[in-house]
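Undergrad: Each protein sequence line maps, in turn, to chains A and B.
Residues in the first sequence are numbered consecutively from 1, following our numbering.
Residues in the second sequence are numbered consecutively from 1001, following our numbering.
Rather than coming from a laboratory, the hints here were simulated on the basis of the structure.
Be aware that a few hints might be false.
Just some of the chain A residues that point at chain B, by a computed CB distance under 10 Å [claimed, not checked]:
hint, residue
1, H139
2, L170
3, Y174
4, H178
5, L183
6, M206
7, E215
8, V227
Derived coverage of chain B by chain A (criterion: at least 3 residues anywhere in the stretch with Cβ under 8 Å from a Cβ of chain A; other residues may be distant) [what the hints assert, rightly or not]:
hint, stretch
9, 1139-1145
10, 1158-1168
11, 1199-1213
Every residue gets a Cβ at the ideal spot worked out from N, C-alpha and C, and that includes glycine.
Below are the chains, spelled out letter by letter.
2 protein chains.
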Amino acid sequence: MDESAPRQERLVFAGLVGGAQVLGLASVVLTAVWMGHYRGGFSWDGSSFQFNVHPLCMVLGLVFLQGDGQIHTDADTFIYYLHAPLELVGRVFRNEAKRNVKILHGIIHLLALVVSIVGIVAVFDFHRAAKIPDMYSLHSWCGMLTIVLFCVQWVMGLMFFLFPVASSWLRASYLPVHVFCGLALVVMSIGTSLLGITEKLLFSIMPSYSTFPAEGVLANVLGLVLVLFGVVLCYLITREEFRRPPNPEEESLSVHFKTLTEGGTPDSP
Amino acid sequence: MDESAPRQERLVFAGLVGGAQVLGLASVVLTAVWMGHYRGGFSWDGSSFQFNVHPLCMVLGLVFLQGDGQIHTDADTFIYYLHAPLELVGRVFRNEAKRNVKILHGIIHLLALVVSIVGIVAVFDFHRAAKIPDMYSLHSWCGMLTIVLFCVQWVMGLMFFLFPVASSWLRASYLPVHVFCGLALVVMSIGTSLLGITEKLLFSIMPSYSTFPAEGVLANVLGLVLVLFGVVLCYLITREEFRRPPNPEEESLSVHFKTLTEGGTPDSP
Chain A
1 MDESAPRQER
11 LVFAGLVGGA
21 QVLGLASVVL
31 TAVWMGHYRG
41 GFSWDGSSFQ
51 FNVHPLCMVL
61 GLVFLQGDGQ
71 IHTDADTFIY
81 YLHAPLELVG
91 RVFRNEAKRN
101 VKILHGIIHL
111 LALVVSIVGI
121 VAVFDFHRAA
131 KIPDMYSLHS
141 WCGMLTIVLF
151 CVQWVMGLMF
161 FLFPVASSWL
171 RASYLPVHVF
181 CGLALVVMSI
191 GTSLLGITEK
201 LLFSIMPSYS
211 TFPAEGVLAN
221 VLGLVLVLFG
231 VVLCYLITRE
241 EFRRPPNPEE
251 ESLSVHFKTL
261 TEGGTPDSP
Chain B
1001 MDESAPRQER
1011 LVFAGLVGGA
1021 QVLGLASVVL
1031 TAVWMGHYRG
1041 GFSWDGSSFQ
1051 FNVHPLCMVL
1061 GLVFLQGDGQ
1071 IHTDADTFIY
1081 YLHAPLELVG
1091 RVFRNEAKRN
1101 VKILHGIIHL
1111 LALVVSIVGI
1121 VAVFDFHRAA
1131 KIPDMYSLHS
1141 WCGMLTIVLF
1151 CVQWVMGLMF
1161 FLFPVASSWL
1171 RASYLPVHVF
1181 CGLALVVMSI
1191 GTSLLGITEK
1201 LLFSIMPSYS
1211 TFPAEGVLAN
1221 VLGLVLVLFG
1231 VVLCYLITRE
1241 EFRRPPNPEE
1251 ESLSVHFKTL
1261 TEGGTPDSP
């Protein structure tokens, strides 16, 4: 699909991007309300108020920023769709901004990583002060796996796409794996958040949870909002018709790659 | 990619399909061991032994059968890859079996639905006997949403692809949505299973969970196996190079669809 993409399709794309923003922001706000209003607020003194920093940072960093960084920058789709209606301006911006978009992608994910690490330090620090053992629950296992793989994904992305360490052939082979792993990590982050919500509810309000208290309903709604955010995000990134068509530079890379796989002699290594 | 698909790629595909089978079966076996050995076994008498039927049926139905039904039949990929090495036989079988593959896909998913409904009846029946309220937890909300959408997906699939209710144009438009929703439902089923694991552990062994008892570790490992099953499944179904190339019948459908979207006059509605 090129600049002549049906207007309706662009509207659907813009609507889905807008919907994802609303859902992502809603999940951050709901977490802040839950921890701020129902769980007494935030502090950094080893108390349960320090624990409250953990859910907020994880939803903000690993879910919203990590997910949003993918909508806005995956294969330049966002830039393409937003600027395509401006026709020529869009074309120019789209080609010139390639490297800038990659840098923005890296920065958003670095920010996501930093916020997540603050969230993890908050909970480990709280556990130490309250003498609660670490890393025994399924939530902690899934969370640790996710954050370690997220670090690996970030470093790999940096090496492959921002610093020219890898050959064009390696980069072309790695790109779909990078996109798949990015989506898988957002889904794992959402799954881990749902586990965290269930753990927190059962630790805090187990006796009253079954009577549908406001806190329980709010946390359940937060869980559903996170699920919806994940579904919209995955739909946006996996649907063929929302993919930006390759620019001439990428076309030549593709031919180069084809030559290599079909046993021809490439012009350069 | 056609029959000349690199041998290495076919080996990777076969390895991933084999890996998914091992992970899917392992998740069912681990659930059976957890419920059978650590939770006292199975019965249908309203006791907690009846509850134990619930996790087993859900992992078997909504995760293993639903997921496996997609690997084996999504876009005939499995048939194509397994038979392609047999060259001519594969070609013949691939074209002739199209409708049979669809029927198999429908039957596996019907089986998944029936097993899941048994699992849901088991837990509602147990709740009624033990006077435990229903539908208050995030696990129950996610689970109910998943099973309702799974029923809708099954009925839509039946109407669109097995009974010729929809036009070719509608079928072609719906196919990618059907594949996306199928994958989303498996991922939601896995997420809901992880919530169920966490709930069951906190209800049953909360005081000892943090001391790494065998039951807790086994249930956590089950959670990770389910996550891995989901990752391998999604990778298999979303990677371009594992997709079966369209056969002539589908090619003509695609041309027909293109004519429609570009404003031409199709031969038939």
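Undergrad: Against the structure, test the hints numbered earlier, and report the numbers of the ones violated in rising order.
TA: Hint check: 2, 3, 4, 7, 10 fail, others pass.
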